[in-house]
Structures are given as C-alpha cells and as structure tokens.
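Counting from 812, one number per residue, gives the positions in the sequence shown under the working numbering.
Check each hint, because a few of them may be wrong.
Unchecked claim - Distance condition first, Cα-Cα at most 25 Å in a straight line; then the derived SDA-like pairs of lysine to any residue:
(1) 921 x 943
(2) 865 x 888
(3) 865 x 820
(4) 873 x 946
No wet-lab data here; the hints were simulated from the structure. Just so we're clear, the structure is a prediction, and the values are computed from it rather than from any experiment.
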Amino acid sequence: MSHICLYFIRPTKYNGDDVFNCNTTYPFNETEIQDLMTDLQAHWPDVLDPDGTKLWAHEWNKHGTCAGILPELDGEHNYFSKTMQILESFKFDSIFQANHVEPSATKTYKADNFTEAISKSLGFVPVLQCYTTINETEQTTFIEEVEICLNKTFQVIQCPVSPLKKNNQFGLQGNCGKRDIYYPPIISPEMRIN
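Could you put together the complete structure from these sequences and hints?
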C-alpha cells in the first residue's frame, strides 16, 4: 500500500477558481469502475467509509463531471483511470523517501521538507494543505494534500496563487505555515478497527 493517497483531479479555471457539479444528469455508478476497485482502494481510500464508494461518488459528482471536456477524462471510467495513472507517474513515495521524508507516527516535518523534495525531483513547487486537530492540551497538524497543477495536456504547471491558497504570513502557498507537520503511515483497510 502506498503512503501517498489520491485526493482527486479537480478541474479549475486558469486563475485557480474551482468549477464543480457540472453535470447532475451523470451520477456516480460504481459498476463503471469495477475493474479499478483494487487500485482505488489501495491508492484512493476513504478512511471514513471502508468500501470507499461514498468518497468516489462525491469526487465524481463534484469534480469528475466537470472534467469531460478532455477526452482522457470523459466518463467515469476514464476519469478514475487517468487519475490513477497520473498518481502513479509522480511516485511521491519514492521522492519523499529519497529525501528522508518518511511516514511516522512520532516524527514531524516542516512544509519545506515536502516542497523541497518535490521541487528538487520534479521541478515545481506544490501547494501544501494541512489539517490541524485541536484538543484541550495541544494542537496537532497533519499533511493533508500535496496539490499539483496540470495543464490540459497533463503537463505540470506552477499552480496559480489564489488568495485562498496564499499564506501571506509565511509567503507559502497552502495553509501549513511553519508548524510541525505529521506525515502518518496509512492504516490498511484490513488493519482498521471499525
């Protein structure tokens, strides 16, 4: 199982604004991606729904229905298949490992550890998004997304900086800032306690 999971391919306008829910007449149908299920469960798991279909339905209905302008993404099967191909082509697990950024339940990293690893290997700076949990005694930040932007021919481009993604305090794209960031190992579906 990969430590890097896919979130989605999200069509946007060139300025970075999202487009979504473009075709409500083409709802998610899991039978269209039956042959992709093993790969989807390994690389695009839904940690809240073990069979994964709720997440995939959401991503297809919100984002996939907007991607059909490109033949490679037109239709549910093409959308999920091409998205998996793109994930596999970047080999983020190998990139992070080669740069000593490895999943750990105890070790933390800075945003620069992630961005420099990708920049050095792939030649672009990604947008990082983090998720922070807050309880009575502490605040814990986890890497949530490594965003990459592609043009219509699936070539990497620098992500447009939108006001929502620019962290002006630190001059970074994303919301991770200078905090300590956890990059936890993924728990495989068979090891989860439901």
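**Request:** Check each numbered hint against the structure and report the violated ones by number, ascending.
**Result:** Structure breaks hint 4 only.
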